[in-house]
Structures are given as C-alpha cells and as structure tokens.
Amino acid sequence: MSDMRYLPRAALSGLIDAIRDAGYRVIGPREETGQGGLVYREIDGVEDLPQGLHDRQEPGSYRLEKTGSPRYFAWANTASAIKPFVYAPREKLWRVVHKEGRIHFEPVERDAAKTAILGVRACDLAALELQDAHFLRGKFVDPYYKARREKLLLVAVNCSHAAATCFCASTGDGPEVSTGYDILLDELEDGYLLRVGSTRGAMIVADLPLQAATQGHLEAALAQSEACRAQQRVLPGEKDLARLGEQLESARWTKVAERCLSCGNCTAVCPTCFCHRELEVPALDGKSSEHWRDADSCFSEDHSYIVGEVVRHGTRERYRQWMTHKLFNWVPQYGRIGCTGCGRCTTWCPVGIDFVAEANIVLGLAEAPEPELPHVDGSEAAQ
Amino acid sequence: MSKPRVAIHKFASCSGCQLAFVNMGTELVELVKLVDLVHMAEVGHVLPDDAEMDIAFIEGSITTPHDVERLKSIREHSKFLITMGACATSGGIQALRNNADSAEWMRSVYARPEFIHSLSTSGAIANYVKVDFELWGCPVSVRQMLSTVRSFLFGVPPQIQREKVCQECKRRGNNCIMVTQGAACMGPVTRTGCGALCPSFGAPCYTCYGPAENINVGSFGRRLMGLGLTQEQVVRKFSSINNAAPAFSDAAKLFCSEPWMEE
Ligand code: SF4
Ligand code: SF4
Ligand code: SF4
Ligand code: SF4
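In the order they appear, the protein sequences are chains A and B.
Quick note on numbering: the working numbering labels position 56 of the first sequence as 56, and the sequence is numbered without any gaps.
Quick note on numbering: the working numbering labels position 66 of the second sequence as 66, and the sequence is numbered without any gaps.
Isolated chain A (complex conformation):
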C-alpha cells in the first residue's frame, strides 16, 4: 500500500470530491478573516483552501503572508487541527429526568458524522495517537470520543517548512508522517506525491487520475522534509527530561510565574491535553438536568479543586503542573512524553512564553534570557 503515486495539482479537487462521494464532510484549513490565521472548518472545495499563504510563527505571534505560490499547504500548522473534532471542547454527556418520584438517565445521541480532515501534520497524528491512548486504551473507553474517532478519515500532508516554533524533530514525531494516515501527500510545486495508508484511503483514490511518481518527485519531497529537520528549537532528550521530577523546587517556576498569565491558552491549543470538567445544567423547572463536559486546563482553579480545596493556588504551581505533566509524568502514564513538538503552546501564548526554552532553563541546560519580562517599548507591535 505504500507505493508512491503522483496527483497533479489540478486533480486535487477530484480528491476532495471523491472523499465527499464516500460520504464524508470535509474539514480543511481556511483563512479566518475576522480573527486572522487559519482555522479548521468545513470546506466546499479547493477554493476554500489557503492558496499561497505562508505562516510566520514566533512566541506569542502568528502571521500569514501572501506569496505567489500555487501551493495550498505552505504553512506549518494552525492553532488546532484534529483535537476538537474528536475530543469536543464542550459536549452534553447525558440528560437526567425526574419522573414519578425517580430519576431516569437518558443517553445522548452518539452517532457521529463521517468526517475527513485535510492537511494534518506529523505532530497532529502523533498527538492523536496519544489521545487514543488516553480515551480508547485506558481502563474505561470514552464512548463519545470513540464514536467520532471511528468515523475519521485523515488526509495528512508532510510539512514543506518548519515554523520557528516547531521542534518535532527533537521529540521524534516529525517532520515526516510515518503512520496513522489514510492518505498522505507531499505538496510539490505542481502537484502531490500521494501514498495511501489504509484500505479506505485506497478506495477513495482508486478513480483519481494518478500518475507514476518520478525520481524527480521523490527527490523534491525528500529535500523538503530534510529542510524541515533544521529546527531552531530543541527539546532536551529523554535522559535530561527524566530529571524534571527533581526540579520541583527550582527557582525557575517562580520566574516563569512572573510572566505567565495563567490563561490556559497553551493547554487549550496543545493537541495532547485532555483535561475536562463536568457540569450539571439543570432546567429552570428543576425537573430535568443536562450533564456537560467542558475542556478544562490545569491553569484554572477548578482543575485542582479536591475535597473542598483548591490545591494549586498560584501560577507557579500551575505552570509546574503543566510542564511536568507534559514532559515527565506523562511517561509512566502513557509510555512517552506528552509533547509532540508542534510548538503551539509557544506560538499561542499571549505573552510568548517559550516552552522549550523554559524546559531547558529548568533543567539547567540553558541560561535565562534577558530581559525576562515582556518588552514595554512597542517592539512586538504588529508589523
């Protein structure tokens, strides 16, 4: 199944049509004009894809630039990709009704729509694998996640450049996609190198005007992936990260808490974070109630509310929880760290806290930069 074929760019719309004909709604990246950046939403066709748009990411900053390129996937990643389509940020779990002196639980409909996600990256697929470990392979299977996960078709695209915030090469999760896809594309100047990774994927591409891939195509794709390996940020290796547990009293946590807003944007965009809270939403008449689940964050007070008390009051404790969970406590839980190097937590942090830099500093592998606090001289202003 892994043989390479070539799809001319003009036939990309045919791929989208074939996915739709197989009964899927197609979710893809599109420019979000109101808020800026790209978002994953339902698309009608190639005309909705961000042609010729290139991203520039820095800690706390994401900008799109127009290039003349005909490419549709010439950006590294977006604030979110797969996660909200499998682990819904807000959903109703059940309803309970008071009838004839008893309470009756009513399940909610779990029939998920067949959903194809177009343009997912190596870091996204690696993160999905971690979410699967949490929601599907634990002691209890999450039926809500499972229903959506089973209806998912994944069209991955290998990255053609790494953003300044990316560090998937050092976590071993990228830049190339290796598993977990139905269809995998490498976007080249005039078309796509295409591989299928599942029978479903093979059936969808069966009637497309695929050509034999040439040596030139293969070399161009390889060169792109190679270029993506040169990443500015490097996460400490396993051995060093194993020392994080000894750093719980590090003075660095206090320093980072001086900058951190405890806003939880990092955990919200992190493709592996799975924390949630549950809420009871009673009807006004008190005769029924809905039970909801909301994505939550270890930066919120509720997250550590245990037997009547908030355990992690301050930002120092909350930031420490976030980093030590991702990079240390995840290992005994799921057999590897909980970070796939996507860099989202760094890009989407409103004050630009650099996750990789902080890990290096906490572990004594790098010096703290100067100045520490956000600049006050307007130097971060938009363009």
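Derived from the structure by calculation, the hints contain no laboratory data.
We put the beta carbon where it would ideally sit given N, CA and C, even for glycine.
A few of these clues could be false.
[As the list claims (entries may be wrong)] Cβ-Cβ distance ranges computed for the label pairs, FRET-style:
(1) B:Gly25 to A:Trp292: 19 to 25 Å
(2) A:Gly286 to B:Glu42: 52 to 58 Å
(3) B:Gly25 to A:Phe140: 38 to 44 Å
[Unchecked claim] Now the stretches of chain A that chain B is said to cover, found in silico as 3 or more residues with beta-carbon under 8 Å:
(4) 56-63
(5) 211-222
(6) 264-277
(7) 294-300
(8) 338-347
Keeping the supplied structure of chain A fixed, place chain B with the ligands upon it in accordance with the hints.
Chain B with the ligands only, in chain A's frame:
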C-alpha cells in the same frame, strides 16, 4: 409551599441588567411560576425597601447617602442578597469619578450645588453590606441569573466560573487575536461569562465580567505595551466598566505610577 419572594432593586445604573432580564423570553414565564417576582422598578411592581424578600437582586452602585439607607434596609429584610452586573458588583463605569474631586465637579456643573446630596464615590454594594453572591457582567448574563435562582431553589451553591475569557474563546475554536493581530484583548485578565462574545467576532475583550481569578496584570500590561500601547492606554484598558474592582484599580495604579517608558 409558598413561592420564594424575589425583588430586583435599582441603584445608580443604566437599567441594562434589568432590561436583559426582561428580555430573556419564554423563560420569564417559567420563572414566574417558580418565584414571586414582587418588586422590579423597571416593570412597575414597586414595593417599599423594607418588604420581606427571599432573594434580593441588586442592580446599580451606591452614590448617595439615601442609597446607603435604602440598601441597609433591603439587606435587613432579605435572606439572600445578590449583586447583578458591573455597577452593583464593582461600582460600574461611574466609579471613574472616585478619582476626581467631586465637590469641584458639583460646583462646575450645578448652579446651586448645595441641593445635591451625593457621595464622593460610586461604590460597590459589598462596600456597604454583606453580599451573598456576585453576578458580574455588563450587562449581567441572564443564563447566570437563572442558574443562580435554580441553585437557590435547590439549596445548593451557584456554579459560576471564575476562569479567564480565553478558556471560553478557545472552546469556541477562535484564533487568538492577540497572537494573530497584536490586538489588545483583555481576555487573559477577564472573568468568563459572556461566552467570549467579542473575540468571536474579532473584537478585543473589554473586561465586562471583571477580573478573573489568579490574574497577572503586571505581565499582561507590559505585554500590551510591547504590542504598542502607551502606558496611559494600558491604564485606560483597566479603567473601564469594572475600573473599581480592586484587581483592576491596582493595575491602573501600577501603570500610572511607574515611568517605564523613560529612556
Ligand atoms: S506541549 Fe506544546 S509543543 Fe508539545 S504538543 Fe503540546 S502544544 Fe505542542
Ligand atoms: S494536567 Fe494540564 S498539561 Fe496535563 S493534560 Fe491536563 S491540561 Fe494538559
Ligand atoms: S504559558 Fe502562556 S498560554 Fe500558558 S497559561 Fe501561561 S501565559 Fe497562558
Ligand atoms: S482573543 Fe482574547 S480572549 Fe481569545 S484567547 Fe486571545 S486573548 Fe484570550
């Protein structure tokens, strides 16, 4: 069992919270089946302030000596007292006058200032009496009001979040406009409740729901300056609808006092 008696009292405010309440639609019909809405200035059931109540919602801030007397009487005769909206909870936009010389203003506006009996400040309800629960927002969220009434009827504490607007913004799948546009969005210091209304339309948050729990105004204000705001603009950002909420007034003072922009 008789229905709980509920009053909505008004002090210095624009009445927007009461209007939001009246505008809730069919749930209002449901609500009046459950409680006796016996007093609400906006719709005309006007009872004296010493009428006995189970729940008194208070809209508006305290600006006159007469307000103080009324409020004390309401408190004495109410089992539960709940503030609704920014004015009652923090003093409202009108609390900006707390920093001005009110006697001077009176002289400059009124020909006969001796007839005006007002306090020199616009104060939150909690500055004068014990408040059992606070509902923030400008205007208040009707959903939060109803869930508070429901909790009261069940005899359980209300479930109202104190997290940042950002959390709700992210649940809605928005891209952060601070990150994509350098917008001065107040979401990271503002309490949730609106459903991240403004950022969902690409507009920055204005602090309607007051300060969230565990905020970092120093770092946040500096970040706004990094994005190009002057120190004075940062002060104004905190000096909005909830300017007198202690966390925001402290933030404004912090950015007033330190001349960070000096070379
Ligand atoms: S911790 Fe940061 S870089 Fe790692 S997966 Fe999460 S968002 Fe991506
Ligand atoms: S505890 Fe924090 S870092 Fe860990 S999964 Fe939950 S939100 Fe993410
Ligand atoms: S690290 Fe950044 S995104 Fe995360 S909670 Fe702190 S300020 Fe918010
Ligand atoms: S747009 Fe505003 S509310 Fe939304 S995540 Fe960004 S700072 Fe927070």
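According to a criterion of three or more residues whose C-beta lies within less than 8 Å of a C-beta of chain B, is the segment 338-347 of chain A covered? violated (count 1)
Within 8 Å of chain B's CB atoms, at least three CB atoms from the segment 294-300 of chain A: coverage verdict: As far as the segment 294-300 of chain A goes, the hint holds, because 5 residues have Cβ atoms under 8 Å from chain B.
Holds or violated: the 19 to 25 Å window for the beta-carbon distance between B:Gly25 and A:Trp292? Since B:Gly25 and A:Trp292 have Cβ atoms about 21 Å apart, the given range 19 to 25 Å holds.
Is 38 to 44 Å a correct range for the gap between the Cβ atoms of B:Gly25 and A:Phe140? At roughly 39 Å between Cβ atoms, A:Phe140 and B:Gly25 fall inside 38 to 44 Å, so the hint holds.
Take the segment 56-63 of chain A, compare each residue's beta carbon with every beta carbon of chain B, and decide whether three or more fall closer than 8 Å. holds (count 4)
Apply the coverage criterion to the segment 211-222 of chain A and chain B: a residue qualifies when its Cβ sits closer than 8 Å to a Cβ of the chain, and three qualifying residues are needed. With 0 residues in contact (Cβ-Cβ under 8 Å with chain B), the coverage given for the segment 211-222 of chain A is violated.
Examine the segment 264-277 of chain A for residues whose CB is less than 8 Å from any CB of chain B, and state whether their number is three or more. holds (count 4)
Kindly confirm whether 52 to 58 Å is satisfied by the beta carbon distance between A:Gly286 and B:Glu42. Violated - the Cβ-Cβ distance for A:Gly286 and B:Glu42, about 26 Å, lies outside 52 to 58 Å.
Consistency with the previously given hints fails for numbers 2, 5, 8, ordered from lowest to highest.
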